[in-house]
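Novice: Work the whole structure out from these sequences, hints included.
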Amino acid sequence: MRFGILINEGPYQHQASDSAYLFTKAALEEGHEVPRIFFYMDGVNNATRLQEPQQDDRNIVRRWSQLAETHGIDLVVCVAAALRRGIKDEVLAPGFRISGLGQLVEIGIQADRLVTFGD
Amino acid sequence: MSDEFEDDFPGEVKRFMFVNRKAPHGTIYALESLEVVLISAAFDQDVSLAFLDDGVFQLRKGQNANVLEMKNFAPTYRALEGYDIEKLYVERESLEERGMTTDDLVVPVEVVDRARMTALMAEQEVVMSF
Numbered sequence: 031m032r033f034g035i036l037i038n039e040g041p042y043q044h045q046a047s048d049s050a051y052l053f054t055k056a057a058l059e060e061g062h063e064v065p066r067i068f069f070y071m072d073g074v075n076n077a078t079r080l081q082e083p084q085q086d087d088r089n090i091v092r093r094w095s096q097l098a099e100t101h102g103i104d105l106v107v108c109v110a111a112a113l114r115r116g117i118k119d120e121v122l123a124p125g126f127r128i129s130g131l132g133q134l135v136e137i138g139i140q141a142d143r144l145v146t147f148g149d
Numbered sequence: 024m025s026d027e028f029e030d031d032f033p034g035e036v037k038r039f040m041f042v043n044r045k046a047p048h049g050t051i052y053a054l055e056s057l058e059v060v061l062i063s064a065a066f067d068q069d070v071s072l073a074f075l076d077d078g079v080f081q082l083r084k085g086q087n088a089n090v091l092e093m094k095n096f097a098p099t100y101r102a103l104e105g106y107d108i109e110k111l112y113v114e115r116e117s118l119e120e121r122g123m124t125t126d127d128l129v130v131p132v133e134v135v136d137r138a139r140m141t142a143l144m145a146e147q148e149v150v151m152s153f
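Taken in sequence, the protein lines are chains A and B.
Numbers given in my numbering equal positions in the first sequence, counted from 1, plus 30.
Numbers given in my numbering equal positions in the second sequence, counted from 1, plus 23.
Only some residues are given here: those of chain A computed to face chain B with a beta carbon under 8 angstroms: (1) Tyr-70; (2) Leu-131; (3) Gly-132; (4) Leu-144.
Since the hints were derived computationally from the structure, they do not count as laboratory data.
Just so you know, these numbers come straight off a predicted model, no measurement behind them.
Glycine is no exception: its CB is placed at the ideal position from the N, C-alpha and C atoms.
Specialist: Structure representation (structure tokens):
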């Protein structure tokens with residue numbers, strides 16, 4: 031099955047991003063496809079490479095970059111949501127790109143299931 | 024932009040439902056939900072909106088967002104018809120629990136009970152909940 035993923039909450043504050051990561055990893059391990067993950071609302075805060083979590087904690091941003099690189103996932107950050115939260119090209123972690131909400135609707139059309147992780 | 028996308032998916036139309044569960048102000052969910060709704064219209068999809076829980080306050084008449092120094096986006100719901108988005112469902116229980124009737128809403132809606140709302144959601148192909 032082909033999944034699209036929508037993440038609406040930022041890392042560390044909320045579990046949505048962790049759940050989305052674990053879901054995506056499990057889906058890929060089961061042989062499903064996850065061509066695109068869309069970051070919206072506070073979810074855009076998953077994309078900044080400026081985050082420095084404590085040593086003994088998971089690194090959520092790096093985890094996304096690594097997953098994207100390994101599985102060729104398109105990590106798309108909503109431009110309007112990103113700009114109003116100070117997320118710009120110059121702070122993006124590897125594997126992320128900024129684009130429009132059309133990319134979310136597009137994956138909704140292309141995927142068999144769109145799964146939302148939010149509050 | 025929309026033309027370009029439409030060419031990518033000729034004739035592909037899915038049933039999209041946007042589920043609005045939060046009050047219009049206090050958090051950004053309602054406003055950013057509306058932004059996705061407007062974009063989806065450009066893709067010529069079969070779009071409906073559901074309002075339940077505190078989401079019914081999004082449609083409440085007489086909002087004055089200016090005192091909060093916020094954008095007053097309630098009039099946008101009235102403009103949705105111009106984007107061919109005409110299916111607005113409001114959950115009856117959520118309205119009644121908040122002492123509201125359709126007279127309190129800025130736009131004509133179809134009021135459905137909780138069981139019917141469940142059935143409507145089950146009919147969708149893409150559900151986004153904000």
